Structures are given as C-alpha cells and as structure tokens.
Amino acid sequence: MFLTIDTRDSRPIYQQVADGIKELIARGKLAEGTPLPPVRQLAADLGVNLNTIATAYRQLQKDGLIVIRHGSGSVVASRTATERSRDELLRPLRTALTELVLSGLSPTRIESIVMRELRLAAKESK
Amino acid sequence: MHPEKYAVIIYIFFWAARINGCIRRGLQPLRRGRDWFFDVPVQADFYTGAGRKILHGYWMRMSIPFIFDIPVAIAIFLSGRLVYLNYLVLGLSALVHLNHSFSVNLAERQARSVAATEGEQPLACMALSLKPRRLRDYTNPKLEWALGISYTIAFVSLLRYYFAAPEHHNLRLVFGVPAFLLYLQFGMLFVKRVVLAWRAPVPQSHAAEYMEAREQTRNYYVRVCDWHRLAIAAAVLFWPLRISASPAGLGRVLSIWFAIWMVIGLVSFVWIEIRRQQLLTLALRARPVKLPDLLDQSAIAKWPLCYQPSVPMLILKGAHGYSLNLANGLTHLGAAYLFGLVALIAALPRHH
Numbered sequence: 142m143f144l145t146i147d148t149r150d151s152r153p154i155y156q157q158v159a160d161g162i163k164e165l166i167a168r169g170k171l172a173e174g175t176p177l178p179p180v181r182q183l184a185a186d187l188g189v190n191l192n193t194i195a196t197a198y199r200q201l202q203k204d205g206l207i208v209i210r211h212g213s214g215s216v217v218a219s220r221t222a223t224e225r226s227r228d229e230l231l232r233p234l235r236t237a238l239t240e241l242v243l244s245g246l247s248p249t250r251i252e253s254i255v256m257r258e259l260r261l262a263a264k265e266s267k
Numbered sequence: 044m045h046p047e048k049y050a051v052i053i054y055i056f057f058w059a060a061r062i063n064g065c066i067r068r069g070l071q072p073l074r075r076g077r078d079w080f081f082d083v084p085v086q087a088d089f090y091t092g093a094g095r096k097i098l099h100g101y102w103m104r105m106s107i108p109f110i111f112d113i114p115v116a117i118a119i120f121l122s123g124r125l126v127y128l129n130y131l132v133l134g135l136s137a138l139v140h141l142n143h144s145f146s147v148n149l150a151e152r153q154a155r156s157v158a159a160t161e162g163e164q165p166l167a168c169m170a171l172s173l174k175p176r177r178l179r180d181y182t183n184p185k186l187e188w189a190l191g192i193s194y195t196i197a198f199v200s201l202l203r204y205y206f207a208a209p210e211h212h213n214l215r216l217v218f219g220v221p222a223f224l225l226y227l228q229f230g231m232l233f234v235k236r237v238v239l240a241w242r243a244p245v246p247q248s249h250a251a252e253y254m255e256a257r258e259q260t261r262n263y264y265v266r267v268c269d270w271h272r273l274a275i276a277a278a279v280l281f282w283p284l285r286i287s288a289s290p291a292g293l294g295r296v297l298s299i300w301f302a303i304w305m306v307i308g309l310v311s312f313v314w315i316e317i318r319r320q321q322l323l324t325l326a327l328r329a330r331p332v333k334l335p336d337l338l339d340q341s342a343i344a345k346w347p348l349c350y351q352p353s354v355p356m357l358i359l360k361g362a363h364g365y366s367l368n369l370a371n372g373l374t375h376l377g378a379a380y381l382f383g384l385v386a387l388i389a390a391l392p393r394h395h
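Chains A and B, in that order, give the protein sequences.
Just so you know, we're using this note's numbering here: the first sequence kicks off at 142 and counts up by one.
Just so you know, we're using this note's numbering here: the second sequence kicks off at 44 and counts up by one.
Keep in mind the hints are simulated off the structure, nothing from the lab.
Values in this document were obtained by computation on a predicted structure and should not be read as measured data.
Be a bit skeptical, because a hint or two may be false.
Some chain A residues judged to face chain B by a derived CB distance under 8 angstroms, without partners named [as the list claims (entries may be wrong)]:
| # | residue |
| --- | --- |
| 1 | Met142 |
| 2 | Leu144 |
| 3 | Asp147 |
| 4 | Tyr155 |
| 5 | Leu177 |
| 6 | Pro178 |
| 7 | Gln182 |
| 8 | Ala184 |
| 9 | Ala185 |
| 10 | Asn190 |
| 11 | Leu191 |
| 12 | Ile209 |
| 13 | Arg210 |
| 14 | Gly214 |
| 15 | Val217 |
| 16 | Ser244 |
Cut-off 27 angstroms, straight-line C-alpha distance, at most; resulting in silico cross-link-like pairs (DSS-like, lysine-lysine) [as the list claims (entries may be wrong)]:
| # | chain 1 | residue 1 | chain 2 | residue 2 |
| --- | --- | --- | --- | --- |
| 17 | A | Lys170 | B | Lys174 |
| 18 | B | Lys360 | B | Lys96 |
| 19 | B | Lys96 | A | Lys203 |
| 20 | A | Lys264 | B | Lys174 |
| 21 | A | Lys163 | A | Lys203 |
| 22 | A | Lys163 | B | Lys174 |
| 23 | A | Lys170 | A | Lys264 |
Yeah, the Cβ is synthetic: ideal placement off N, Cα and C, and Gly gets one too.
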C-alpha cells in the first residue's frame, strides 16, 4: 500500500498526501480503523517539514476521513461517521469538472472519463 | 581456565570473523559491476582513470583499523595484561563500522565528482509506505515477556543474595554489573528506534521490489537488536550464579558459560553471513536512485552538526557529507544515554 508523490505535480505536497490517502480510503485499501503512520515518520520519509504532513492530516480529519488521537496516532475513520453535506461532497467534483472543461475536453469525453473512474472506484471499494 | 585465556580466544575469534568482512568490504565498490562504484553510476573507463586512485584510497582507508589493532595488540601481549584484549575488541568493532561508513561516504562523493552524473538525476515520482513504523509495531510480545521474567528472576535472586548477609556483600559489586547490562538493554532499544527511523521513500517504478528490500533489511537489523537484547538478558540471568558460586566451582561455571557463548557466537556468525548475502541479492535487484531533496538539505545541513527543529530527520545530507540534526529528539536521547553510560562506567567496581 503506497502513497505516491510527484514533484512535477502542480498540487502542493500536503495536498498530494491528503488526496493520496483519500484515494486509498475510497478504494477500500485503507479500511476503517487502519492506523496511519505518525506525522513525524511520514515527514521524515518524504524529507519535508513536519507542518506539511500535519496540514494534510488536519485536512483529512476535517473531511471526517481520519481520527487523530493524540498519543496513540491517527486511524481511518468509520465511513458512517463521515457526515458531510451534499454541497460539501459536490464541491471537489465541481472543481474537477471545471478543470476538465477548461482543459478543452468535450462533454462526451468528460462523461466517459468520469464513468470509467467511477466504475474503478466502485469496483475497488467492494 | 583463566579469564585472560578467554580474552585471547575471543581475540582470535574476532580476527577470524573479520576476514570475511574485509573481503566483503573490499569488493563492495564493484558489487554492481564495472558500471558502478558503490551506488554511483560511472563511465566505462572509470576504473582505469581517476576511479583507480579513488578505489585505492578506499582500500587504504579500510586498513586503518589494522594500523591501530596490530601495535596495540602487540603492546598488550608484551605487557601480559591480556584482559585488555576484550576492550581492544570492543573498540575495534566500533572503529571498523565507523571507518567503513566514513570511507564509503567519502569514496562515493569523490566518485560523483568525476563520474557520469546524467544517470543520477533526482526522481520526480516517489512512493512511500503507509505502514506505521513505531517501536510497538516491531515488538515481539513473547520476547518482551521473556526478557521481563529474566530480569525479575535475576534481580530477585540478587536481592535475596545481598540481604542474606548485607554486611559481607558489596552493593556495587552485586548490583553494578546487572545495572550496567540493564542500561545496555535500553541502549539496544534506542538503536532499534534509530533503525526504525531510517527513511523509506522509494521510486514509484518497481516500488514493491524496493520496498521489499528496505523492509527485509530493516527486519534484519531489528532482529539483530533483539538478539543482542536476549544475550544481555542471559548475561544478567547468569550474574547471580556467577557471584554465588564457590571459588572451586566458579572455574567450571565460567568454562561452561564461555563454551555455550562460543557456540552461539559461531552459529550467529554463520546466520549473519547468510542473511547478509540474501539481503545483498535483494538490494542488487533494486537499482540505486537519487531521491528529490524537497527541503534543500545541502543548504541547511552544515557538516557535521546542524540545528533544524522543523526537520524531522536525524541525519541530513549536506554538501560536504552527512550532518547530525541536534534538534532531533533521538539526538537528545542519544546524548543523554552516552552521558549516563559514562557515569555508570565510572560508578562500576574496578576489580571486576
């Protein structure tokens, strides 16, 4: 179970870490209750400042995807505990769709990309 | 058998064990073939040009421990105080490893300055494991229980021995050595923690192979630490037997004890050599890569020490070699441990 970081990616490192963990949770590779590495370990492995990873973890906590327990580490939260409004959930989708439209892809092409990714996510989370 | 004879046997054993290590370290620069110098990619003519001098320099530096060893050993033999051979073995064990690390680092830096550098561009994409590496994740509960029970038995026996006739026993003599060994036990735990703190990012391509090589190497060192802890616990357990043995029976007890440890030492030596070979095979499957320097370590790390509180690493790689980060918690713990060790050695009884 790996987290991938690309230095050529325009997203900041903390965002890549948060997105990577989110993706692993969505695909079911990080099950509920799975412990995550301590902030210090991940920061040292990547060779980045402690705050970079702490920011990523805080974002995941805010999204209700992980639970940070001081002293005993962070674990993946229960899926049912993720109580987010419809608007909150749709926001990243709207951002991603806007990016795809701005990149010049046709609506049909975007639809096929979205459907393929959805099928992949649904298949892996089973 | 006299303790001085044990020291001579240990010294001979140490020399025999070093032969294989010397050959292995000598061949280490060429283990990936002639296109590599250690983990630095080099041109075809490297070993006939500048590389030849660098390689010879490395071999010369690797002989430094012998320059210390031979005259000191001769002096010890001539003085007749053969017990000091034990201290020589301990000192040389540390010197061999430190000298090796330093020599490899220096030789690689020298090679990089003359070698092909295009193959050493930092990777853009890297993968890292999400497996937590806390001490408790690499702890064997059965082993910890065994250690705990051993220490309890040993210290209860020592308390009974001491309080049976407190006026006849020296408190420092009875408890000094076990306390020192217990302190070494904590030292091994510290080493284990440092092993777990080793960085583990790998290139995204062939991540599984790289990760397996790293994990196997880490497990090997963790296991070696645990074996040392077990050996220390056995020594603590043996201490009550040693001090309570009658003068007539002491020689026999020590001979049996020594023979057991010689056999264990020999078996461990063979196991370590086999395991090292397996790890080398695994490491050779993963091509060395240069990882991106996201913190600009070469700018912030001043050789040999630096102070970077926001950087979680213990060791940083600067422009002139590695730098110890004084702001790291492990550095503080290590420094405190060394001070404690010196104080404990000073407090130990001299005549044992």
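So, going through the hints one by one against the coordinates:
Interface hint at methionine 142 (chain A): satisfied, since its Cβ lies 5 angstroms from the closest Cβ of chain B, which is below the 8 angstroms cut-off. With a least beta-carbon distance of about 5 angstroms to chain B, the hint placing leucine 144 (chain A) at the interface is held under the 8 angstroms criterion. Checking aspartate 147 (chain A) against chain B: minimum C-beta separation of about 5 angstroms stays under 8 angstroms; hint holds. A distance limit of 8 angstroms between C-beta atoms decides the matter here; for tyrosine 155 (chain A) the minimum to chain B is near 12 angstroms, and the interface restraint is violated.
Hint status for leucine 177 (chain A) relative to chain B: holds, with the closest Cβ pair at about 6 angstroms, below 8 angstroms. For proline 178 (chain A), the suggested interface contact is upheld, since its CB lies about 5 angstroms from the closest CB of chain B, less than 8 angstroms. Checking glutamine 182 (chain A) against chain B: minimum C-beta separation of about 6 angstroms stays under 8 angstroms; hint holds. Restraint check, alanine 184 (chain A) versus chain B: the minimum CB separation of about 4 angstroms is within 8 angstroms; hint holds.
At about 4 angstroms, the closest approach between the beta carbon of alanine 185 (chain A) and any beta carbon in chain B falls short of 8 angstroms, and the interface hint on this residue holds. Because the smallest distance between the Cβ of asparagine 190 (chain A) and any Cβ of chain B comes to about 5 angstroms, under 8 angstroms, the interface hint for this residue holds. A distance limit of 8 angstroms between C-beta atoms decides the matter here; for leucine 191 (chain A) the minimum to chain B is near 5 angstroms, and the interface restraint holds. The beta carbon of isoleucine 209 (chain A) comes no nearer than 14 angstroms to any beta carbon in chain B, farther than 8 angstroms, and the hint placing it at the interface is violated.
Residue-level restraint check for arginine 210 (chain A) is violated (minimum Cβ-Cβ distance to chain B is 13 angstroms; threshold 8 angstroms). Residue-level restraint check for glycine 214 (chain A) holds (minimum Cβ-Cβ distance to chain B is 7 angstroms; threshold 8 angstroms). Interface hint at valine 217 (chain A): violated, since its Cβ lies 10 angstroms from the closest Cβ of chain B, which is beyond the 8 angstroms cut-off. Annotation: serine 244 (chain A) was flagged as interfacial toward chain B, and the flag is violated, the nearest CB pair being 21 angstroms apart, outside 8 angstroms.
Distance hint between lysine 170 (chain A) and lysine 174 (chain B) is fulfilled; the C-alpha atoms sit about 12 angstroms from each other, no more than 27 angstroms. Between the alpha carbons of lysine 360 (chain B) and lysine 96 (chain B) the distance comes to roughly 25 angstroms, so the proposed pair stays at or under 27 angstroms and holds. Annotation: proposed proximity of lysine 96 (chain B) to lysine 203 (chain A) is violated, straight-line Cα distance about 58 angstroms (limit 27 angstroms). Annotation: proposed proximity of lysine 264 (chain A) to lysine 174 (chain B) holds, straight-line Cα distance about 24 angstroms (limit 27 angstroms).
Pair hint lysine 163 (chain A) plus lysine 203 (chain A) holds up; C-alpha atoms about 12 angstroms apart against a cutoff of 27 angstroms. Between the alpha carbons of lysine 163 (chain A) and lysine 174 (chain B) the distance comes to roughly 16 angstroms, so the proposed pair stays at or under 27 angstroms and holds. Our distance criterion of 27 angstroms between C-alpha atoms is met by lysine 170 (chain A) and lysine 264 (chain A), whose separation comes to about 12 angstroms.
When held up to the earlier numbered hints, the structure conflicts with 4, 12, 13, 15, 16 and 19 and fits the remainder.
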